[in-house]
Amino acid sequence: MGRIDVKNLCMEYNQKRVLDRLDLEVLHGEFLVVLGESGCGKSTLLNLIAGLREPFSGQILFDQRDVTRLDVQSRNVAFVFQDYALYPHMTVEQNIRFPLENLKLNRREIDHKCDGILTRLRLNDFRNQYPNQLSGGQKQRVAIGRAMVRDPFVFLFDEPLSSLDPHLRDHLRLELKQLHKELKKTFIYVTHDQLSAMVLGDRVAFMDDGKIQQIGPPLQLYRSPANIRIARFFGFPPVNVLTATDFERLSGKPAPDSKMKFCIRPENLECRADSKGCFEVQWIQQMGAANFVYISVGKQTICGLGKGSLHKNQKVSCNFKSENLMIF
Amino acid sequence: MKTEFKNVVIFLGPLLILPALFVIWPLIELMVLSLKHKVILFEIDRWAGLENYQYLLGKDARFWGALGNTLYFTVCSVGLELVLGLMFALYLRFGKESAWIKVILLLPWAIPNVVSARLWQWMLHPEVGIINHVLLTLGWINEPVLWLSDPTLALNAAILADIWKTTPLITLLLFAGLQRIPETILSAAKVDRTPPVRFLFYILLPQLNPMLMTAMILRGLDAFRVFDVIYVMTGGGPANSTETLSIYAYRTYFQSLQFGYGSSIALTQVILMLAMTWIIMNAFSSKWDRS
Amino acid sequence: MTRALHAGFYGVILLWSLWPFIWQWVTSVKVPSNISRIPPLLPEHLSAANYSAIFSNETFIRVIWNSIAVGLGATAISLVVGAMGAYGISRLLERGRRWIMLSLLVVLMLPQVSVVTPLYRIVDLMGWGDTLWSLIAVYSIFSVPLVVWVMYQAYEEIPETLHRAARVDGSSEWTIFTRVYLPLGIPGLVSSGLLSLIFCWNEFLFALTFTSSYKARTIPVGISLFSGQYDFPWGEITAASSLVTFPIILIVIFSQKYLVRGLVGSGVKG
Amino acid sequence: MTLSAWNICRNGSINLRIVAIFWFIFCAACSFDTTIDDSPNTVHYYQFSLPGLKSIFAELKRQFQEKHPDIYIHIHTLPTNTDDQHQFYLTHLQSRKSAQMDVFAIDVIWMAEFVRAGLLLPVTDLYSKSEWESFFSPILKTTLFDNRRYAVPIFVDGGLLYSRMDLLRKYGFPSPPKTWEELVSIADTILKGENEDRLYGFVWQGRQYEGLICNFIEFLPANKEWLVASNRTLQVNRSAVVPTLTFIRSLLSHKSVSPMSVLGMSEEESRHVFQNGQSVFMRNWPYAWKLAQQTGSPIRGKVQVSPLPSWNSLEPGRGALGGFLLGINKDTPNPEPARQWVRFLTSEEVQIQIWEQLGLTPARKTVFSKIQGDMGMEMGVLMEVMENTTPRPLNPLYIPISQSMQAYISGALSGIYTLEEAMDRMDNDLRRITRILSYEN
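So the protein sequences, as listed, match chains A, B, C and D. Take the first sequence: its position 105, counting from 1, is numbered 105 in my numbering, and each next residue is one higher. Take the second sequence: its position 14, counting from 1, is numbered 14 in my numbering, and each next residue is one higher. Take the third sequence: its position 3, counting from 1, is numbered 3 in my numbering, and each next residue is one higher. Take the fourth sequence: its position 356, counting from 1, is numbered 356 in my numbering, and each next residue is one higher.
Just chain A, with the same shape it has in the complex (with noise of 0.2 Å):
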């Protein structure tokens, strides 16, 4: 099994709060990706939960068993980093076979386990390569390689992705997930960047303040977000927020409350050519697929998805479902 239970967790670094009285649960089996901006803590939770670090109060459990007080080498964790720590010095097969040698395994069993793992990753033709003579891919199934070899209650990663270039990141997530399916393992993924969120995780853990903001879905965080923050993070462009008075100039109804804030997502607001418009086109984002138009709404520039042939100063009417919108 693989579930874990985090439990009123505290941290300080230097007097300063960084996780505050965090409640989690991670079900079995399952990805769970926690998403936050860069120092929100997300990292020190996760190495709380691989027990590199001792937590200043709260509980950690492992299948209810608390494993708090435990030593990394007692918790059977894996953990990828964000440069996946591959040991220079030794060659992909020695990596891959370095934990199982920690466990004083026998050389037969280690020698099975390792050509398991190098075959099952495709592997086998560069085990006596090293590290740096691989390419980044290589590198992350390496990593996971000595991560699965011990075969680990729950994996950790550790933004593994976010210092790869874009093409190669799509391709390493579409076989992260995969390797999900095939293992049935509990992971746990931390990042900051929302896409690999969206497309990775079975469930989205927002951090922010020390605290899980939100968990669910990705679909649910970026529908209904639980706070403005929330769904300011996810979507490209933006999401557009707007006061009482700016709503009523968008949508012509009145506010339900002046101080309520309005949050509207770009590609949820349609932006047509209307001579009789109210509003006019400042600038045109032209991203292939779809078009993105740039209008003042009182001082404020929001953001909608231009339908039509449009060009700059031309008068455009807006329009957008009720149910897209986010009051806060």
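Don't read these hints as lab results, they were simulated from the structure. Even glycine gets a Cβ: it sits at the ideal position worked out from N, Cα and C. Some clues are possibly wrong.
Here are the computed distance ranges between Cβ atoms for each label pair [unchecked claim]:
1. B:I24 <-> D:E349: 49 to 57 Å
2. A:I228 <-> B:I279: 49 to 57 Å
3. B:P206 <-> C:W174: 41 to 49 Å
4. C:V12 <-> D:R249: 35 to 43 Å
5. D:E182 <-> B:W64: 41 to 49 Å
Taking lysine-lysine pairs in the DSSO-like style, the calculated list, with each CA pair at most 30 Å apart, reads [what the hints assert, rightly or not]:
6. D:K302 <-> D:K370
7. A:K7 <-> A:K211
8. D:K61 <-> D:K141
9. D:K178 <-> D:K192
10. A:K185 <-> A:K7
11. C:K215 <-> D:K330
12. A:K139 <-> A:K184
13. B:K6 <-> A:K16
14. D:K178 <-> D:K365
15. C:K215 <-> D:K54
16. C:K215 <-> D:K61
17. A:K276 <-> A:K253
18. A:K113 <-> A:K139
19. D:K67 <-> C:K215
20. D:K224 <-> D:K141
21. A:K104 <-> B:K6
22. A:K253 <-> A:K307
23. B:K102 <-> B:K190
24. B:K102 <-> C:K257
25. D:K67 <-> D:K54
26. D:K129 <-> D:K141
Dock chains B, C and D against the given chain A, drawing on the hints supplied.
The following block gives chains B, C and D in isolation, referenced to the frame of chain A:
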């Protein structure tokens, strides 16, 4: 976690115990001795309180002379070495670099101090030394220069030998520092058409600062305890004009037999050194502590 | 024009650094009775008299062996202690590293004169008087800080994630140290080992104080024995100096890169 | 970082390597720790080093053991530099449990100190009174304290004047000068006559070191002490020291007899100058004779040695007394074998061997009739000089006194201090140094 503490003990234990045994203990002994009149050979061993220090700081002109010589030696040799080393390093970096010049530069640094001091003593010999011979042949001087016997020259001659031995080291340190300056900054300065002098003072030196500081500090502390070179070349003479604190302490110990007074000199020197280190430590603030 | 300028500058550097060595060598091959004669600058004919005098002196060969044994012994100890200590400081300590590093700097820079007698008493208490052990022990103490400084720098350059990765992989600190950090720190070990070796090879005051016979004397003391009652046999001294400089020249030539790295590493945190 | 460096270690355990390295070092170090034969009759003998000393003493040891098969001699060599030797004795004798030291060679200037420290076993009965008197009397005096003899001289040294007879004869001087005035006038004449830039009149040892004191006391008028005891402390005898320093300064003053560079010279530097033919006179020890006369030397056959000049033509000058004595450690477990060894080394036949093979002047005047001068050395002159040497002060605190005097004499000669200043500073230091003995309870 308990294992963490255990690990700290395993890894740091030997490192901390050995110096404690071989450094702290001697220093404590030094401190006790410095408060005594002690002449071991004559079995004199009497408590003196602060008497040694009173004399040392108050009346001992020889101590102040030695301190002055030490500081002069330190400031001159380190200062000149930095200037020369910087020139060489700049040349290597922006003029022409080659691996074998580094080998050659390292040689003087690597040979024993005793050997290099003898070498210089031999070369500076007033009558049969090569240096006077060359200078006379070139007609730059009319009569042999008394490098090691003229009180106004001897310390400078020792500084010369020290510069010979350590400038190469500083050159290499500064050269490495220059190499670490990002190429983009240098290109940017070139694009901005920075004149050479401004380039040196506003681009290179600020970037080189940490390396310059380190070189200065390490060399400064090293020069402050100078012993071998001077001991071999002049033995402190003529007229104590090359006597440094180390030499004075050494002579008081082993030639004047006074272990008590010798210890006061040595301890004063150590304290001055600690003071220097203290200043450095504050200058470098929390370079090593991870926040 | 610039070529000539370069050549000129190089000439100056060369002359400045190498001339004393050349002069030492020239002196060493002069006929003993002609040594103090200048001019002629160069010897009329080469003489091996000074060298054969040294080699006929079996104690000097013993002295060279002593230096090698002391150098290797002290270097080995200081490498083990220093590499472990640097690992501890760099990877296990949360605070206090500045204090430790600076105390080590103090040890490194301690005036030898100030501790030589107390150290002699310790050596004497241990019954190590006039043995290689006394020098090995004391040299270890004084080269450990050097090793720690260089190795600390080397370890800091190893990504911290490797340490965490190894812990996750179930290694004890000892395994991480021996299997990950030590192999990765080999360049640092080589550099600091060489620095320590050169320090041991060159040290004079302790060697003079702690040894009383050929059983334990090292080269600098050996050279100081080359003299008559009043006279300096400059021929023999320069010949011996040329001989002991030779291995150092070899070391420098073949490991210049490591030496520079070590020197720079000991100085600066990158 | 290079890949190759990693590859070195990719297989095999580091631990094993460390163990291997240690094992190697251990073996290397142990293989050198040859155990000393510590039979009860072993005598550990410590002495200075000289070129060729080792083989000669191996031979002497063989001769000795032929006569005394039951005694085993172990010879230890110390550095030549007497300061280093002194440091060695100090460090090793202060902790009395250190290496066994039975017999040691002592510089004459340490005698008072060693006796005061109670390190030496009296050896008065080693020789009969008449046999004691076969040694040169100045050096013999340094062994006598409270009517007991504490050491036996092994060789003796004394300052000599080396003169370039070819130059002297050229200008009509048939023999070396007898007085300092004569030396100055001869040198002046020759320098003027030769008119050569690099020719000097008189070189000696003026560097700040022990030799400066030797040279200094040789310039002193006879029968005048330069340090006088007053009121439990020592004082400089200004009536002797001031004129002497004034005279030496006049030698050094511009374009005069001695070049300023003598203030940086020790024995070898002055000998190099003299041997290159650049000086008319030189003050040095007897060792320089052989070197001046060796083949290839530019002054071979042109040199004559004589006693140093004095202030009175009727009596010869007095060279400073140098030399070494053999003392026996008071705590030796084997006094009798040690005495045998000392007796052997100071016997006439060994004295002859040491002279013939090492060139060390015998401390016994009786052997002079049995030996020949090396390379035409006149033994009569040597004997006369050794019989008339003058010792440096026999004070237990001689070393620190000499230390501080060297600095002030050197300072006064080089002009850093005026004579008055130098005298005041000397007195000041003497007070401070002699106070050491009052620390005793």
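Here is how each hint holds up against the structure:
no.	hint	in the structure
1	B:I24 <-> D:E349: 49 to 57 Å	holds, 56 Å
2	A:I228 <-> B:I279: 49 to 57 Å	holds, 52 Å
3	B:P206 <-> C:W174: 41 to 49 Å	holds, 43 Å
4	C:V12 <-> D:R249: 35 to 43 Å	holds, 41 Å
5	D:E182 <-> B:W64: 41 to 49 Å	holds, 44 Å
6	D:K302 <-> D:K370	holds, 26 Å
7	A:K7 <-> A:K211	holds, 11 Å
8	D:K61 <-> D:K141	holds, 28 Å
9	D:K178 <-> D:K192	holds, 21 Å
10	A:K185 <-> A:K7	holds, 21 Å
11	C:K215 <-> D:K330	holds, 26 Å
12	A:K139 <-> A:K184	holds, 22 Å
13	B:K6 <-> A:K16	holds, 28 Å
14	D:K178 <-> D:K365	holds, 23 Å
15	C:K215 <-> D:K54	holds, 15 Å
16	C:K215 <-> D:K61	holds, 19 Å
17	A:K276 <-> A:K253	holds, 18 Å
18	A:K113 <-> A:K139	holds, 19 Å
19	D:K67 <-> C:K215	holds, 28 Å
20	D:K224 <-> D:K141	holds, 18 Å
21	A:K104 <-> B:K6	holds, 22 Å
22	A:K253 <-> A:K307	holds, 23 Å
23	B:K102 <-> B:K190	holds, 27 Å
24	B:K102 <-> C:K257	holds, 9 Å
25	D:K67 <-> D:K54	holds, 20 Å
26	D:K129 <-> D:K141	holds, 13 Å
Checked against the numbered hints above, the structure violates none of them.
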